[in-house]
Amino acid sequence: AGPADADRAIPLALGRQFGVTRLDRNWLSDPDGLSTLAAAADGRRAGYIPYTDRAIRWHTDGYYNAADRQIHALLLHCVEPAAQGGENRLLDHEIAYLLLRRENPDYIRALMAPDALTIPPGTEAGGLARPERTGPVFRVDPASGTLHMRHTARRHNAVWKDDPPVRAAARRLHAILEGSEAGVLRGLLQAGMGLISNNVLHDRAAFEDDPESPRLLYRARFYDRLDI
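Okay, so the sequence shown: first residue is 9 according to our numbering, each after it adds one.
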């Protein structure tokens with residue numbers, strides 16, 4: 009990686025070019041609103057999986073956010089890749105929606121239920137509790153008319169509604185994500201590369217760092233949708 013790759017202005021400027029400026033500033037982000045993603049051995053970030061070298065299962069960003077703070081665009085900028093691993097898989101959530109609907113429209117009806125998915129309470133800065141968040145998996149954004157998705161495949165981070173149609177739809181969604189369905193992309197960001205999307209489904213493989221040049225990415229999450 010060269011010095012230019014570490015310029016924090018790059019992801020912010022790129023976001024502006026795509027019409028997204030309203031950053032999701034959470035308690036683990038930096039003063040400029042970006043999150044510095046690197047494996048943390050200790051400190052406040054070490055207990056959160058994005059700041060470890062462990063694999064992250066399929067999710068959309070901000071699935072635990074309040075309804076009025078949903079993430080519509082996600083930008084990643086790679087400063088330094090891992091020595092080994094760290095690949096991403098991606099699936100446009102609109103493709104996931106179409107695959108489910110084509111197979112059984114009842115899956116979509118179940119996942120659009122306002123209480124389909126609950127994220128248990130969590131702990132944030134200073135020990136403050138993040139309240140339980142309940143909402144749909146798929147919804148149509150009333151402002152733009154576009155499809156939005158909140159999802160996580162982490163078992164201890166999600167409680168699915170105790171309802172047979174919802175449970176069946178969740179199982180089928182997980183099978184699509186873990187199978188060889190059309191539309192799943194795979195890639196590994198190298199230094200200077202980036203990814204910008206309307207918060208599509210994605211995961212991350214586990215990785216191993218070179219102690220001399222550990223993996224480093226900047227992440228920006230926006231309340232806006234890309235202007236494309």
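In case anyone wonders, no lab produced these hints; they're calculated from the structure. Note that the Cβ used here is the ideal one computed from N, Cα and C, for glycine as well. Just to be clear, a hint being listed does not mean it is correct.
[Claimed, not checked] So the derived label-pair ranges between C-beta atoms look like this:
#	residue 1	residue 2	range
1	Thr142	Asn112	36 to 42 Å
2	Arg109	Arg65	21 to 27 Å
3	Leu196	Thr29	27 to 33 Å
4	Arg162	Met120	41 to 47 Å
5	Ala91	Thr29	33 to 39 Å
6	Asp40	Arg175	39 to 45 Å
7	Leu193	Thr142	29 to 35 Å
8	Pro128	Gly200	35 to 41 Å
9	Arg163	Arg16	16 to 22 Å
10	Glu186	Glu220	32 to 38 Å
Structure-based check of each hint:
1. Thr142 with Asn112: 36 to 42 Å: violated (24 Å)
2. Arg109 with Arg65: 21 to 27 Å: holds (23 Å)
3. Leu196 with Thr29: 27 to 33 Å: holds (28 Å)
4. Arg162 with Met120: 41 to 47 Å: violated (21 Å)
5. Ala91 with Thr29: 33 to 39 Å: holds (35 Å)
6. Asp40 with Arg175: 39 to 45 Å: Holds, at about 41 Å.
7. Leu193 with Thr142: 29 to 35 Å: For Thr142 against Leu193, whose Cβ atoms are near 31 Å apart, the range 29 to 35 Å holds.
8. Pro128 with Gly200: 35 to 41 Å: holds (38 Å)
9. Arg163 with Arg16: 16 to 22 Å: This hint is violated: roughly 34 Å between Cβ atoms.
10. Glu186 with Glu220: 32 to 38 Å: Holds, at about 35 Å.
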